[in-house]
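Participant: The primary structure of each chain is shown beneath.
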Amino acid sequence: MRIDELLEEAKADAPPARLAVDDLVNAGRRRLRRRNTGWALAAVLAVAATVGVPQILARPSAQMPAQVPVAPSPTKSPPKAEKFSLVAPFRGYTVDGFTVADPDAMSLSWTSAMIRQAGTDPDDQDGILSVTPPGVNPEPEGEFTTFTTDPVDGRDAYFLRQSGGGESLLWKLADGGFARVGSTATMSRSDMRRIAEAFKTGGGKPIRTALSSTYIPDGYRIYVASGLRARFITAAKAEEILTNPGKEAPDLGGNTISIKLEQANGGFSNAKDRCSEDEPECKVRVGGYVLVVSGDGVKPAERQKIFESVRPANPEDPSTWTPADEAYPTFVRPEVS
Amino acid sequence: MSDRETQFREFVAARMESLRGLAYLTCGDWQLAEDAVLAALPRLYVKWNRIDNHDAYARTAVVRAAIDETRRPWWRRERSHSDALPERAEPDATHAVHDRLHLRAALDRLPVRQRAVLVLRFLEGLSVQQTAAALKCPEGTVKVYTARGLAALRQILEAPYANR
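Quick note, the sequences are listed as chains A and B, same order.
Taking the numbering used here, the leading residue of the first sequence gets 1, the next gets one more, and so forth.
Taking the numbering used here, the leading residue of the second sequence gets 1, the next gets one more, and so forth.
By construction, these hints were calculated from the structure, which means they are not laboratory data.
Glycine included, each C-beta is placed from N, C-alpha and C at the ideal position.
If you want the footprint, here are the derived chain B segments under chain A, 3+ residues with CB under 8 Å:
| # | stretch |
| --- | --- |
| 1 | 6-13 |
| 2 | 26-38 |
| 3 | 43-54 |
| 4 | 117-123 |
Hey, can you work out the whole structure from these sequences and the hints?
Facilitator: Have a look at this one:
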């Protein structure tokens, strides 16, 4: 069999498409509108209102305050231990034709930011800059080869090439953690080095998110937050990761809660909350997105309670997002020594 | 309905299945493949009037989006926990399905950029130069990935199931 026949055969039993032509046309229209005129929050609310968001937006205000209580704590009783804070350890910067964006995702194990090359589509991603705290092994899973190179900022550095492609430059930071520039084929080793040499820690901004929730079950702690996603793990697992970090991608254990906004597609057409015991997740359409709450090891009633407490902001307008530290009950931030 | 929309609609209707398959072969997951198509084609809509070769743009954008999907920290770090688990290659009663799963498993074992090169070159029929442009990499890289990808595929496909 020829290679082209093999490839055709490999995709021969495609599942039914969830996407329809209308979904793509609508997505294109939305994108064009954003490009041309800026994006209005009122528009998404109007769209959302017609497809069932009222279930979220119009829940009884007595139980669901419009804003998540942030616990401003003006009196600030002396904390016994510091809370883990979702404030990035570095900020975005530009160097020689590359832009490192402000970090947009952070976990107990890593913080990451997108790298884009000047002159390319702003939605294209040409690499990732990630920083891991001291104690976390920043090397990826799988086979790789390392090549020592000149120090970066006076500290050890090396290139890491994964067995099938993909190269990164890793270098040690002053606090004992590591930073890593993961390249695509558009980035040469000297590009990676220039990006690394311009990197500075500090000055990072809070990670912001379009999600917030007034209810997370006791005993859960936040593991990761980004613009459209959050994942919670057990307090014991969070403590384990913070005290004995191990790998960059640790085993999160069986009990996790995930809250996310995904782009809607043709396969999702219901206009009502969907939170049945038959399904492992609760879903509702929010404008052009679907809010999904899932929980491994979480009872359906708990899952529904989380779902009903979620307040999505406009996923396409980051100016409406809140700092992730303020988006959930304070107790979900684990204590760090 | 504008000309742009009419033409785009016709284009998508004609090409979506093919582009979805292209993305799938690149990233190895149907759900991520649709995400890639959904990420790529709205860009084409925006640029429709400024692009001469819509098909080439769509192919490139979809493959690059599919590669990006596999590079996202969420994918890289949480794939094993997500609902986008890779399909398992389990033997089936029929030879056809068995062969298909075998082939998919073989493709899954190739690095994503090697897969993308093979798909663009041998399924889409692009030249080395066109493939290099699509993936924004040197022609030499395309040649190397082609040779390595074919060799790896051959080796994997020739290996007995028991050894996989």
